[in-house]
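Just so you know, the sequences run in chain order A and B.
Just so you know, our numbering puts 15 at position 15 of the first sequence, and the rest follows in order with no gaps.
Just so you know, our numbering puts 53 at position 53 of the second sequence, and the rest follows in order with no gaps.
Any given hint could be a false lead.
Short, incomplete list of chain A residues facing chain B, as computed with Cβ under 7 Å [stated by the list, open to error]:
no., residue
1, L43
2, Y48
3, D56
4, S62
5, F65
6, N100
7, A103
These aren't lab readings, by the way, just hints derived from the structure by calculation.
Heads up, the beta-carbon is just placed ideally off N, CA and C, and yes, glycines get one too.
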Amino acid sequence: GAGVSQSPSNKVTEKGKDVELRCDPISGHTALYWYRQSLGQGLEFLIYFQGNSAPDKSGLPSDRFSAERTGGSVSTLTIQRTQQEDSAVYLCASRRTGLNTEAFFGQGTRLTVV
Amino acid sequence: AQSVTQPDIHITVSEGASLELRCNYSYGATPYLFWYVQSPGQGLQLLLKYFSGDTLVQGIKGFEAEFKRSQSSFNLRKPSVHWSDAAEYFCAVGNNDMRFGAGTRLTVKP
Numbered sequence: 001g002a003g004v005s006q007s008p009s010n011k012v013t014e015k016g017k018d019v020e021l022r023c024d025p026i027s028g029h030t031a032l033y034w035y036r037q038s039l040g041q042g043l044e045f046l047i048y049f050q051g052n053s054a055p056d057k058s059g060l061p062s063d064r065f066s067a068e069r070t071g072g073s074v075s076t077l078t079i080q081r082t083q084q085e086d087s088a089v090y091l092c093a094s095r096r097t098g099l100n101t102e103a104f105f106g107q108g109t110r111l112t113v114v
Numbered sequence: 001a002q003s004v005t006q007p008d009i010h011i012t013v014s015e016g017a018s019l020e021l022r023c024n025y026s027y028g029a030t031p032y033l034f035w036y037v038q039s040p041g042q043g044l045q046l047l048l049k050y051f052s053g054d055t056l057v058q059g060i061k062g063f064e065a066e067f068k069r070s071q072s073s074f075n076l077r078k079p080s081v082h083w084s085d086a087a088e089y090f091c092a093v094g095n096n097d098m099r100f101g102a103g104t105r106l107t108v109k110p
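Taking the hints into account, I'd like the entire structure generated from these sequences.
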């Protein structure tokens with residue numbers, strides 16, 4: 001596609017429910033990133049994929065968070081047993097591997113846990 | 001581990017004044033460095049990037065940044081700020097994975 005696509009754009013869920021957030025990267029981009037941006041805060045690194053593997057999962061806040069990527073394309077971030085502190089905007093970015101490349105961001109998914 | 005520090009949480013400048021936003025990084029090798037801007041309700045847009053070569057890089061909207069290896073800095077500058085520059089600015093570092101600073105919010109006074 002023309003850009004990084006994230007769905008849904010908004011998600012309201014009840015505390016304790018599981019949610020799945022989806023990211024469709026730019027075609028041909030092998031690197032994919034997930035970040036969390038809480039209200040008025042910076043971008044908190046969650047996880048980074050190179051192809052289907054995740055060399056760096058260090059940013060996942062707890063074992064309730066997991067992510068996968070299949071076919072070197074679409075990625076899903078899953079949050080189990082959501083809590084109110086999980087409320088934030090979740091941003092996805094993709095990047096073409098190689099020299100001199102930058103990341104392109106999606107519009108994000110705004111997650112509200114009530 | 002790589003990290004980015006943006007010391008200024010919030011900066012206010014008058015329209016037409018010059019601007020400098022600070023960014024310091026920690027990285028084991030020669031880093032790729034970026035500045036992104038996030039306007040209210042908008043996504044993140046790349047302003048400029050440094051990979052190698054000339055340490056003064058030009059970006060969009062009249063912004064520039066200078067890479068100083070000795071100071072581990074990549075400060076963003078603009079000679080004359082416009083009201084439309086009011087936004088959140090993020091510095092980032094990373095050759096494979098990418099880490100962002102906490103951001104600097106810029107307010108522009110008329």
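Open item on the list: Of the numbered hints stated earlier in the document, which are not met by this structure?
Closed with: 4, 5
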